[in-house]
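> Chains as they are written, first to last, in the working numbering: chain A, 1 to 138; chain B, 1001 to 1138; chain C, 2001 to 2081; chain D, 3001 to 3081.
FYI, nobody ran anything at the bench for these hints, they're computed from the structure.
Just so it is clear, the structure is predicted and the values come from calculations on it, not from any experiment.
Among the hints, erroneous ones may be present.
Here are the simulated BS3-like cross-link-like pairs (lysine-lysine), alpha carbons at most 25 Å apart as the crow flies [what the hints assert, rightly or not]: (1) Lys-1003/B / Lys-3/A; (2) Lys-1117/B / Lys-1129/B; (3) Lys-102/A / Lys-1003/B; (4) Lys-1065/B / Lys-19/A; (5) Lys-3068/D / Lys-3002/D.
Covered stretches of chain A, as calculated for chain B (at least 3 residues, CB under 8 Å) [as the list claims (entries may be wrong)]: (6) 36-48; (7) 65-73; (8) 99-113.
Partial chain A-side listing against chain B, Cβ under 7 Å, derived [unchecked claim]: (9) Asn-10; (10) Val-11; (11) Glu-12; (12) Ser-30; (13) Phe-31; (14) Asn-84; (15) Val-87; (16) Ser-88.
A virtual CB, placed ideally from N, CA and C, is assigned to each residue, including glycine.
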Amino acid sequence: MIKIQKEDFNVEKEISSIKKLYSSIGAVTSFTGYVRDNNNNTNVQSINLEVYEEMAYQQLEKIIKKANIKWSLIDTLIIHRYGNLKVSDKIVLVASFSSHRKDSFESCNFIMDYLKKDAPFWKNEFYDKKNEWLINTI
Amino acid sequence: MIKIQKEDFNVEKEISSIKKLYSSIGAVTSFTGYVRDNNNNTNVQSINLEVYEEMAYQQLEKIIKKANIKWSLIDTLIIHRYGNLKVSDKIVLVASFSSHRKDSFESCNFIMDYLKKDAPFWKNEFYDKKNEWLINTI
Amino acid sequence: MKIKYFAWIRELTKNDEEYIDSNEIQNLNNLKVFLLTKYPNLQKHFDQEILRFAVNQEYVVENVNLKKDDEIALFPPVSGG
Amino acid sequence: MKIKYFAWIRELTKNDEEYIDSNEIQNLNNLKVFLLTKYPNLQKHFDQEILRFAVNQEYVVENVNLKKDDEIALFPPVSGG
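Just chain A, same shape as in the assembly (with noise of 0.2 Å):
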């Protein structure tokens, strides 16, 4: 499942919706991403996200296509927001679901490595007196 969203989410609630469907789930990777108070030695105040939302999903549907090819999955979440977001706010959630180890944490990773690389999203980070546009490394 994929959301585009700007509301926050509740972790336990959106990874338990997916899990009480199949019982052979045996392993959950997540990955939670927060606004740091902090970036390049600098103080961030907050930080508007901006998206591509059609093209967003396009592209992460096929970041879990590929990643269930690769791996042996029971079922995949992509949450991101966008909008305006505060320090310590979550920025992203990418959960894992499969019945052993391996799958869920190298899927994870995987799709977080993408998510990074293609999903079109921009962060603009507001610093006590200017804001900036970043880009990912890798």
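Since the structure of chain A is provided, determine the placement of chains B, C and D on it from the hints.
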């Protein structure tokens, strides 16, 4: 933080209670293990998890120390349940808190590896007509 | 065709999307020439080859043909996650 | 000294812990001999070298000296996580 408990846990609550202490956290990787309905092609009814509690705390603390030497971590959390657990119940939560993704991902996987190898827990799996003590394979 | 701009490209074009109806724009290279004429500030970013194009929500690097109802997006390197 | 048994070792000794007070048990090898005498069923598992010993909650593989107030645990391969 290490918790060895009978009770279930809420992933969101457990993670956010640590996350809120540090605004420098940008990345949280968590692994949740569940009781699967099937193991070695046999239907699982429930499991009983036995623990050598004092030793488990000691061994898990050592693993966390090792992880802190290898990676730049802000905090770590291990929760492991014991007692009677039924299919789909949570067994274990490992969460690694760091500024950057790589540290949290690799350390979470590392902690799970050592937990499975060295932490003194034993699963007694109950099937339709018999039960069996499991052995972890790495 | 619809052209969409994102992040600092949007700030530079002062426009988040626009519709272009020109028989001279048959492919992506034609569109690039059109955009550079309209937005000369884009030139240095084109030269640095850091910009990314998407046609109908798919990344495009080659010079593809464009149709009237295509949606083309121009944006800087991404920074999600 | 206190001896603790876990999982199917506990089922085999029919005892989860016991106190042993013997001047003849000075080290882990002495204790192993004692345990094999008391629980002959342990022999085949000792032979397979699958059992693990912990002294004061630390894994031990060598023959260490034991003190009166040590806690020694004997258990099968673990299966947590």
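> The structure should be examined with respect to each hint, and the outcome stated for every one.
Okay, the hints, checked on the actual structure:
| no. | hint | in the structure |
| --- | --- | --- |
| 1 | Lys-1003/B / Lys-3/A | violated (32 Å) |
| 2 | Lys-1117/B / Lys-1129/B | violated (29 Å) |
| 3 | Lys-102/A / Lys-1003/B | holds (24 Å) |
| 4 | Lys-1065/B / Lys-19/A | violated (31 Å) |
| 5 | Lys-3068/D / Lys-3002/D | holds (8 Å) |
| 6 | 36-48 | holds (count 3) |
| 7 | 65-73 | violated (count 0) |
| 8 | 99-113 | holds (count 7) |
| 9 | Asn-10 | holds (5 Å) |
| 10 | Val-11 | holds (4 Å) |
| 11 | Glu-12 | holds (4 Å) |
| 12 | Ser-30 | holds (5 Å) |
| 13 | Phe-31 | holds (5 Å) |
| 14 | Asn-84 | violated (17 Å) |
| 15 | Val-87 | holds (5 Å) |
| 16 | Ser-88 | holds (5 Å) |
Hints 1, 2, 4, 7 and 14 from the earlier list are contradicted by this structure; the remaining hints agree with it.
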